[in-house]
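The numbering used here applies: residue 885 is where the sequence shown begins, and numbers increase by one.
Worth double-checking, as some hints may not be accurate.
[As the list claims (entries may be wrong)] Taking CB as the label site, the calculated pair distances span:
#	residue 1	residue 2	range
1	Lys1181	Gly1269	20 to 28 Å
2	Thr1108	Ser1323	22 to 30 Å
3	Gly1221	Gln1091	50 to 58 Å
4	Glu1033	Glu1311	20 to 28 Å
5	Ile1341	Lys1202	46 to 54 Å
6	Arg963	Pro1281	22 to 30 Å
[To be verified] List of simulated lysine to aspartate or glutamate pairs, EDC-like, C-alpha gap at most 20 Å:
#	residue 1	residue 2
7	Lys1067	Glu1311
8	Lys1237	Glu990
9	Lys1067	Glu1057
10	Lys1068	Asp1046
No lab work stands behind these hints, which were simulated from the structure alone.
Predicted model only: the values in this text are computed from it and were never measured.
Every residue, glycine too, gets a C-beta built ideally from N, C-alpha and C.
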Amino acid sequence: MQLTFLGAAGEVTGSSYLIQTTHTRFLVDCGMFQGGREADRKNRTAFCFDPEQIDFVLLTHAHIDHSGLLPRLSAWGFRGPVYTTEATIDLLKVMLKDSAYIQEKEAEWQNKTLRRKHLFSNHENAPLYTVTQAETFLKQLRGVSYDTEISPHPSVRCKFRDAGHILGSAIIELWIKSDTEQKKLVFSGDLGQLTHPIVRDPTPIQQTDILLIESTYGNRLHRTMTDTLDELVHAINDTLLRKGGNIVVPAFAVGRTQELLFLLVDLHRQGKLGEMDIYVDSPMALAATDITLKHAKLLDKEATETLQWFNSSGRKLKINFIQDVEDSITLNTVQQGAIIISASGMCDAGRIKYHLKFNLPRPECSILITGFQAAGTLGRRLVDGAKQVHIFGQEIPVRADIYTIGGLSAHADQAGLLSWLKNFNSEPERIFVVHGESSSAAALADAIEQKLKWHAIVPERLTSIPL
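Could you build all of it, start to finish, from the sequences and the hints given here?
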């Protein structure tokens, strides 16, 4: 039995793991690399195996850094099923087609730029996959329920447990038989914070032989939710009431946008925020919000109560979902009083880049960074204090206030990760710390050693380890 780390090893994105036995070969996740100049090269060379030989895929959740290369895998010959939760399937139907559309448009823009600059080459830039290929792949998805055992292969059993990260996110428990023994593996996926709004808390797991645990925030602690909400209220009131500008919020269309809407409604209900003009400029976010409501049974009690209040209050808040490109462009003429939530969450694609282009140079405006920003992304440069950034080939000065609202992260911090680990009855035989930048992964591995007295290692990408 062998485990190969195809991505998310020493970095946050590109989550994908290949498991091979004498009986089967399959993947857990097949994510896209994001951020940095090397991301496109990694995505185009990600398959160091024959996709036709993969029997099936198990998918933890819908975020593109976990699912984004699945249509490419299919286009390259993978014909097996992909097992994931029903909510994740609903999200993928929106997200993967959107991903393909963005790639097609960016390839088109790159080729136009080359032609305009007379930089001709023997071939044009091509997207990783097309909308048609994404739509074709969706037929390979198979839905499973939380806590229900399935057997995707005679030698493999697995269960999907609620990870509390986004709607439909899962921890995967795996039991794999080889010729001589059976091993249990647990893939944490992305773990949510305890007591976080919208989704339920991560499911505790009590035993495993092999554990892969994420470490996105493995080297830090989030601010308390009380402090986080105080900062959010200050940023909004200061910008809208005192400075008279706009607030721009880069947010993942799935998960973060719905959480922000919930918080804004709840803070308004408490009287901490007044009337607001909220614009959600992302067709995918509208679809994801509808999917969230469809799967309302997966929401936690607090979110359910807030939703009931909103539905019975006459919808006094002005929440506008922007669909058409023309309406999105019109938003850039709004000079003050708007809260604009738009994708992508790391500012590297989509409509958010236009809103940043028009609002970053204005000192009366504020940018709220509410999620993790991978190294190399535009969002990371803003967090790191860049005084100017390049957007669509133009140099844009950064004069707006930049708020980093870290406590809203959908990822557990170091304390949350250690708390989840303490549910295990005994130390796993092997612990691999993945899905974190090198410093974060190393810090979590060290914390596990120091506080739990367990041994943990940070694997390198493309290394294979016998189990």
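Holds or violated: Lys1067 to Glu1311, with C-alpha atoms at most 20 Å apart: Holds, at roughly 15 Å.
Outcome for the supplied range 50 to 58 Å, where the beta carbon pair is Gly1221 and Gln1091: holds (54 Å)
Verdict for Arg963, Pro1281 (Cβ pair) under range 22 to 30 Å: With Cβ atoms ~51 Å apart, the hint is violated.
Given hint Asp1046 paired with Lys1068 - CA-CA distance at most 20 Å: holds (18 Å)
20 Å limit on alpha-carbon distance, applied to hinted pair Lys1067 and Glu1057: holds (11 Å)
Pairwise beta carbon distance, Lys1181 to Gly1269, judged against the given window 20 to 28 Å: violated (43 Å)
Restraint check for Lys1237 with Glu990, where alpha carbons must lie at most 20 Å apart: holds (13 Å)
Range hint compliance [Cβ, Thr1108 to Ser1323, 22 to 30 Å]: holds (23 Å)
Status of the given 20 to 28 Å range, CB of Glu1311 versus CB of Glu1033: holds (25 Å)
Whether the CB-CB distance between Ile1341 and Lys1202 falls inside 46 to 54 Å: 51 Å Cβ-Cβ, so the 46 to 54 Å window holds.
Going through the hint list in order, the structure does not satisfy hints 1 and 6.
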